[in-house]
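**Q** Sequence lines, in order, name chains A and B. The first sequence finishes on residue 393 if you use our numbering, and the numbering steps up by one all the way, no holes. The second sequence finishes on residue 247 if you use our numbering, and the numbering steps up by one all the way, no holes.
Just to be clear, a hint being listed does not mean it is correct.
[Unchecked claim] Keeping only pairs whose Cα atoms sit at most 16 Å apart, straight-line, the calculated EDC-like set for lysine to aspartate or glutamate is: (1) A/Lys355 with A/Asp324; (2) B/Lys85 with A/Glu143; (3) B/Lys84 with A/Asp137; (4) A/Lys200 with A/Glu143; (5) A/Lys200 with A/Glu156; (6) A/Lys353 with A/Asp303; (7) B/Lys85 with A/Asp137; (8) A/Lys314 with A/Glu332; (9) B/Lys215 with B/Glu246; (10) A/Lys355 with A/Asp303; (11) A/Lys358 with A/Glu313; (12) B/Lys81 with A/Glu332; (13) A/Lys175 with A/Glu162; (14) B/Lys81 with A/Glu221; (15) A/Lys249 with A/Glu219; (16) A/Lys250 with A/Asp233; (17) B/Lys84 with A/Asp324; (18) A/Lys128 with A/Glu162; (19) B/Lys215 with B/Asp186; (20) A/Lys193 with A/Glu162; (21) B/Lys81 with A/Glu143; (22) B/Lys81 with A/Glu305; (23) A/Lys353 with A/Glu305; (24) A/Lys358 with A/Asp298.
[What the hints assert, rightly or not] Here are some of the chain A residues that sit facing chain B, going by a computed Cβ distance under 10 Å: (25) Leu120; (26) Arg144; (27) Val151; (28) Ser171; (29) Ala214; (30) Arg318.
[As the list claims (entries may be wrong)] Reference listing, derived: stretches of chain B covered by chain A, where coverage requires no fewer than 3 residues with Cβ under 8 Å from a Cβ of chain A: (31) 60-74; (32) 133-144.
In short, the hints are calculated from the structure, not lab data. These numbers come from a predicted model, not from an experiment. For glycine and all other residues, C-beta sits at the position ideal for the given N, C-alpha and C.
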Amino acid sequence: MYIIETHKLTKFFGKRNVVYHLDLKVPKGSIYGFLGPNGAGKTTTIKMLTNALRPTYGEIKIFGLDMPRDRIRIMERVGYMPEVPIAYEEMNIFEFLIYIGRLSGLSKEEAREKTKELLAYVGVGKLAFNKIKELSSGQKQRVSFAAALIGEPELLILDEPTANLDPLGRIEFIGKLIELAKKEGKTIFISSHIVSEIERMCNYVGIINQGRLIAQGKISELTRIEENEYDILTSDNERVIDFLSEKSYVRELWEEDNILHARIEPRFLEEFFLQFPHYLASEGIKLKLFKPHTSPLERILMEKFNIEVGTRLENLRFGFCIKMKS
Amino acid sequence: MLAIMFLPVVVYFFTHGEITEYGAKPLEREFQIVMSSSLINFWVSIIGQLIAIIIMSDLLASEIDRGTMRLLLVKPIKKSEIVLGKFFAGMSSLAILYGLPFLVMQIYSTLLYKAGFEGITTTFNDLLFALGVTLLLLGSLGAFSMLLSVAIARPLYASLASFAVIFVVQYILPNLPFFDDPERFNLSYQIGVLLKKSFTLHTGLDIYKGDPNVSATFFLSVIILGIIFTLLAIYRKEYEG
């Protein structure tokens with residue numbers, strides 16, 4: 068069953084086509100990463116899903132219900148966190164969350180209880196009586212996350228949720244999302260342009276570029292296994308270099324920041340996997356790191372966006388770092 | 007704003023005439039005269055209208071301007087509830103803003119006329135009627151301001167635009183040769199017409215020609231249409247920001 072399903076979802080702003088024939092399929096209980104460069108149409112899509120924008124044409128079904136016809140019934144089960152935290156700046160966090168809780172249909176008492184619980188959960192308990200305008204953007208982001216969770220939604224729609232968080236905050240946030248999906252069975256639809264984040268927390272991905280969905284599905288199914296470039300770190304890199312440079316199936320070998328990068332002839336991958344571990348064991352060399360040079364999701368992106376091989380995407384916002392082949 | 011609303015009370019405090027007859031009956035007549043004159047010359051004049059426009063324009067425009075409208079749209083509440091909730095919240099503010107000085111005026115004049123509790127009960131209906139017609143007139147202004155504020159979505163600009171339109175409709179257009187009795191298009195004049203219905207002891211109101219029922223129906227229609235069109239505008243509006 069799909070929690071979010073769109074059919075030919077399209078949005079024009081004047082003559083400009085921002086989203087075109089988008090067929091999203093977000094399965095129940097998944098963490099669905101909606102990935103695309105800046106200006107790809109992610110936020111516009113989310114705004115259509117949350118009824119802030121009307122589609123030019125196309126259908127939106129959430130929980131099998133029609134948006135916007137069944138907006139009220141849908142929104143009883145949805146939590147939304149916008150890209151830029153939106154709040155009543157003059158209110159303090161406690162008042163704001165109670166207000167949002169009441170709007171979500173909770174009684175006054177329920178809203179108070181849930182607010183206290185969420186203040187601790189998102190880590191702004193000590194700031195409960197501070198006005199929202201006095202908070203940092205990261206703290207506002209946490210409040211916005213609490214506001215999305217207050218109605219105990221089954222579906223969370225999060226637009227660039229980690230944009231204002233510090234590195235520790237990001238790690239904590241990702242952990243919480245995984246926990247929400249696994250323990251509470253929530254479906255999470257999260258837009259981002261940070262590849263490493265999506266890869267870490269999502270099991271499904273939809274890749275959007277220039278308003279068109281160019282790939283969608285389970286990350287594990289979309290990724291190909293025939294990787295032939297590896298990062299290696301051992302206790303004695305020099306001896307490993309000597310060993311590998313003699314092998315004819317090693318097409319390229321270079322060292323960068325103490326990490327060896329080896330490109331293996333694909334036809335001889337099996338031989339490499341048999342000989343290399345055996346060599347390390349026989350020479351008593353410890354293997355500290357062995358991983359594909361590019362992450363699986365990066366490979367999908369490189370393929371779909373026709374990005375030059377070797378461009379590092381990890382931990383970078385790929386809107387700024389993609390180098391398109393002309 | 008509340009301080010501004012109290013100005014007529016302060017003026018009455020310093021300028022009321024000499025009292026020759028005390029009791030509830032002379033009080034009621036005096037109260038009707040004072041309230042009529044204050045409403046026509048101040049409370050529903052240009053200053054009162056401006057205050058009502060500022061309050062009512064801000065209700066939806068500030069939600070759209072700050073982006074908090076999107077917070078409301080993702081909650082299980084109807085758009086009609088948002089519009090009606092805002093309208094009645096605005097009207098409640100106006101009721102307090104106008105009701106308090108009206109009440110002080112009533113209590114002060116009762117004390118002046120030494121009419122006691124009987125004075126309060128005698129003038130209570132007049133007080134409610136004055137507040138009712140004031141809210142009817144300001145409600146029509148408010149509904150129109152809310153409609154413009156959805157289109158303009160900036161509280162200040164929406165207030166200015168509403169005020170400009172209402173000023174033109176009251177003071178500029180009626181002076182064109184096609185209109186007879188241009189003063190009848192003025193809200194201050196219309197409050198005189200409406201007050202005539204209940205303020206029977208104040209014969210001075212007879213100069214305001216017109217049927218109070220027709221005026222009341224007109225302002226009520228403006229309120230209903232204003233709310234309906236505001237709702238339609240909210241349904242049609244897209245929230246890009």
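**Q** All hints are to be evaluated individually against the structure, with a verdict given for each.
**A** Now the hints, each set against the structure:
1. Between A/Lys355 and A/Asp324 the CA atoms are separated by roughly 14 Å; this keeps the pair inside 16 Å, and the hint holds.
2. Taking the CA atoms of B/Lys85 and A/Glu143, the gap is about 14 Å. The hint holds against a cut of 16 Å.
3. For the hint pairing B/Lys84 with A/Asp137, the CA-to-CA distance comes to about 11 Å; that is within 16 Å, so the pair holds.
4. Pair hint A/Lys200 plus A/Glu143 does not hold up; C-alpha atoms about 28 Å apart against a cutoff of 16 Å.
5. As the CA atoms of A/Lys200 and A/Glu156 are separated by approximately 5 Å, the hinted pair is consistent with the 16 Å bound.
6. Among the hinted pairs, A/Lys353 with A/Asp303 is consistent with the structure: their alpha-carbon atoms are about 8 Å apart, no more than 16 Å.
7. Distance hint between B/Lys85 and A/Asp137 is fulfilled; the C-alpha atoms sit about 13 Å from each other, no more than 16 Å.
8. For the hint linking A/Lys314 to A/Glu332, the alpha-carbon distance of about 10 Å falls within 16 Å, and the restraint holds.
9. For a cut-off of 16 Å, the pair hint linking B/Lys215 to B/Glu246 is broken: about 49 Å separates their Cα positions.
10. Restraint check for A/Lys355 and A/Asp303: satisfied, since their Cα atoms lie roughly 10 Å apart, inside the 16 Å limit.
11. Annotation: proposed proximity of A/Lys358 to A/Glu313 is violated, straight-line Cα distance about 21 Å (limit 16 Å).
12. For the given pair, B/Lys81 sits about 56 Å from A/Glu332 by alpha-carbon distance, which is inconsistent with the 16 Å threshold.
13. For a cut-off of 16 Å, the pair hint linking A/Lys175 to A/Glu162 stands: about 11 Å separates their Cα positions.
14. Restraint check for B/Lys81 and A/Glu221: satisfied, since their Cα atoms lie roughly 14 Å apart, inside the 16 Å limit.
15. Among the hinted pairs, A/Lys249 with A/Glu219 is consistent with the structure: their alpha-carbon atoms are about 15 Å apart, no more than 16 Å.
16. Between A/Lys250 and A/Asp233 the CA atoms are separated by roughly 25 Å; this puts the pair beyond 16 Å, and the hint is violated.
17. Simply put, B/Lys84 and A/Asp324 have alpha-carbon atoms about 59 Å apart, too far for the 16 Å limit, and the pair is violated.
18. For the hint linking A/Lys128 to A/Glu162, the alpha-carbon distance of about 33 Å lies beyond 16 Å, and the restraint is violated.
19. Annotation: proposed proximity of B/Lys215 to B/Asp186 holds, straight-line Cα distance about 12 Å (limit 16 Å).
20. Using a Cα cut-off of 16 Å, the hinted pair A/Lys193 and A/Glu162 holds, with the two alpha carbons roughly 14 Å apart.
21. Restraint check: the Cα-Cα separation between B/Lys81 and A/Glu143 comes to about 7 Å, which is no more than 16 Å; the hinted pair holds.
22. For a cut-off of 16 Å, the pair hint linking B/Lys81 to A/Glu305 is broken: about 62 Å separates their Cα positions.
23. A threshold of 16 Å between alpha carbons decides the hint, and for A/Lys353 with A/Glu305 the separation of about 13 Å falls inside it, so the pair holds.
24. A threshold of 16 Å between alpha carbons decides the hint, and for A/Lys358 with A/Asp298 the separation of about 5 Å falls inside it, so the pair holds.
25. Among the interface hints, the one on A/Leu120 holds; its C-beta lies about 5 Å from the nearest C-beta in chain B, closer than the 10 Å criterion.
26. For A/Arg144, the interface hint holds, the least distance from its beta-carbon to any beta-carbon of chain B being 9 Å, beneath 10 Å.
27. Among the interface hints, the one on A/Val151 holds; its C-beta lies about 8 Å from the nearest C-beta in chain B, closer than the 10 Å criterion.
28. Checking A/Ser171 against chain B by beta carbon gives a least distance of about 6 Å; that is within 10 Å, so the hint holds.
29. About 8 Å separates the beta-carbon of A/Ala214 from the nearest beta-carbon of chain B, less than 10 Å, and the hint is met.
30. Contact between A/Arg318 and chain B, as hinted, is not supported at the beta carbon level, the nearest pair being about 51 Å apart and thus beyond 10 Å.
31. Note: the segment 60-74 of chain B has 3 residues with beta-carbon separation from chain A under 8 Å; the three-residue rule is met and the coverage holds.
32. For the segment 133-144 of chain B, the stated coverage by chain A is not satisfied: 0 residues place a CB nearer than 8 Å to a CB of that chain, which falls below the threshold of 3.
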